[in-house]
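Generate the whole structure from the sequences, applying the supplied hints.
Protein chains in written order, with numbering that gives the first Met the number 0: chain G, 0 to 300; chain B, 0 to 518.
Mixed in with the good hints, there may be bad ones.
Taking lysine to any residue pairs in the SDA-like style, the calculated list, with each CA pair at most 25 Å apart, reads [stated by the list, open to error]:
1) B:249 - B:65
2) G:209 - B:60
3) G:294 - B:484
4) G:170 - G:144
5) G:146 - B:51
6) G:294 - B:61
7) G:209 - B:321
8) G:271 - G:170
9) G:146 - G:100
10) G:213 - B:72
11) G:276 - G:54
12) G:213 - G:135
Just so you know, the hints here were simulated from the structure itself, not pulled from any lab data. Given the structure is predicted, the values throughout are model-derived calculations rather than measurements.
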Amino acid sequence: MKRTDKNQSFVWVMLVVLGCFLSPASQAAETLVFTAIPDQDESRLRARFSIIASYLQEQLGVDVRYLPVKSYGAAVTAFKNDQVQLAWFGGLSGVRARSRVPGSSAIAQGYEDQFFTSYFIANRQQVSFTASPDIIPTSISSLDVLKGVTFSFGSKGSTSGRLMPEFYVRKHFSSAPNDVFRRVGFSGDHSRTIALVESGAFQAGAVNYKVWEKAVAQGSVDTEKVAVVWKTPTYPDYQWTIRGDVDQRFGKGFTEKVTDALLEMSEPALLKAFPRKSFVPAHNDDYVPIVNVAKSVGLID
Amino acid sequence: MPRLQKQETGQEGGLSKRFFRKIPLSLPTKATLMLIGVSIVCLFYADVEVAMTSPWAELQRLMLGALTPSYPSMSELFQAVVLTVQFAVVGVMVGVLFGFGFACAYQWAPVRWFCALTRAIHELFWALLLIAVIGVSPLAGLLAIAIPYSGIFAKVFYEMLLQANPDPDWVLKEKAGVMSRFVYGRLAQMAPRMARYIRYRLECALRSSAVLGFVGLPTLGYHLESAVKEGHYSEAWLLMYVLLALIGSKKWWFNRRTWLGLTVLACVFFPFLDGVSLQNLGQFFTEELVPSPLRDVAFGSDSFQSMFSSSASLLLPWFQMLWFNEILPGVINTLVLTMLALVATWVCVLVLLPPQSMWFAGKNLRFVGQGVALIVRSLPEIVLAFIVMLLVGPSMLPAIIALAVHNGGVISHLLQHQIDELRLREDHPKGLLLFCYEIMPRISTQFMSFWLYRWEVIMRETAILGLLGIPTLGFYIDSAFEDIRYDKALLLILTAAALNLFIEALSGRLQKRLYNKHR
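Structural data, given as structure tokens:
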């Protein structure tokens, strides 16, 4: 009995503390809410992006709050429903979000996002091909060795792990991935794709080039076992997208103000959250290639 | 071993009775043969292949993580624990409330259909649906747990109440009202079992708290999911240990003395109205759920008849494509996978159950047995599947093993208490004889009910096993949500619900026959 009392009081203390955490934060009438969902590193999003929120708050002079949403679908829905007005989307999710919110526009992209690329990687013991660590093949015929292997994409909604690789597979083989490969999986994450290909569970896969290069630099992948088969041509990826009605709500010229604040972001601590070198201007037209590719693959109507 | 099998599966004999009446074999044997037959047929269609892998580098990282658990931010961890407990408690309690209500009206077919529908949707998809309807809010996360749980509670409670001994009810028939008869005649008998099931559901809610990451609430499950996905094994293991500790210690913090206080506190501090916005409700139903060929079609002032025929001509190709590309292969793969996983689960239960029970194991062995069951039922299926997949490559095999081990752990845990509470005669046999001829027959109805219910669970869980590349119904539902095509998702979900109903009808019939035979 004694023991239960003790536990009981512990629970009470815990719950009181909880109350402090959850007491609704005082929200001013006009709060800019943003969300950000990088598909390279999903850990501790809140810790990483709360500093971005305070930076933007300082620059814009309005309350800024970060809404930590992890799934692409949830983020697009939140943007559509006006629960977030600004979002850091991937290429495909950005296109999906803008098609649902008329008037919204891409305002800035990462420096690297102007020429993003995906790598096709393969297990060297199971797929025979010549690979050298210095020169990454750029001729699409390099993909020929992958016919009939088991293949893993990344997450289903990822631009670099799914959309662009699938597009080039379809283009080169003129048939769907399910017919080209013996088995098609969706690992859900780039790092996991690398791990699966390294172990030989899947013979080949497609990954975001940044994740691959980071893994190689950190030595977390054995390049004796896995190597790059082909590098896709470049395409535009991540971007900041803002709703069209923010000028009405936050005052004239607000979109430009946000754009400037993003482009001027130069502190390494802030940029590390994304992680990008800097931000450059972007426009909806920059993403027309993504729209066309997504339509041809059948991921959007 | 054959004897054991006989006793076991034999309990499902009822259905096969008509088909096999002429064959001079005992009913249990016939049923066993039938089950084995079905699985063998499934094996032909099963996609099982073993790839040559060299998993050691990854497994080494995984093991190393187990030995060096760490987490970078303690305050974040603490907050996650508190949030996880709060949501689990509120979610389960809301689920119990509604579930009990539905259970009382469960004979009524529409209620049954509704509950099957709520159960057919994975919590993750409930979260996405609710976000679209009521906005990104804690309430959406809560309902994502509470809605499917009320469907589950309804079914399980209803079946438990059916299994109550009808004698008290019979005695009270002339003397008491409907309410008293229900409470004292049936509910009182089954209350301990229901309480145990609620405690088990709480454990599930702790595990499924990853859902809340969708609505911006970082719980344990949310952090665990990211850590496992990205291969941060030290973090993943620490979170696993915390989760295990929470689940393992739940009888101390969630019991008959604390549950009320905990529930009240958790509810008081729950931000029910935070971020809820209903302005998109109408749009969701009039736009997102409308099949895509029918959107933006202006019917104008056409007569009803021409409207109907033109929309049918638009819908038919859409439906046909879905049917041949997704629904049909999805249903076949789902049936094959679930059938095999179900049989494998049954084997796992038989292996895992005896070491947990006081009738078969000493204190030390029991500790080990219960520990193993705790671990296998607490590990997320996706982790189990990932590990098995590293070893044997992608196919149905990792899914079967992961689902069987996990569900075997769950069912054996639920049955263990019941076994230990049985009263045996003093000269009862020991060992295998006791297990086969005394224990298993006495718990068989409950075993069946849990076991057949797992069919649904397995079907739902296949949704998150996309990494294995097995196109089950769940896989297609997941893709539809990922593409934000709710119209397609709705159709696939309705198919899954229909399958659920079919299985439920089957298990209901089996149980009724068994029950009548026992009387």
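Query raised in the report: Hints broken by the structure, by number, lowest first?
Result: Numbers 6, 7, 8 and 9 - these are the hints that the structure violates, sorted from lowest upward.
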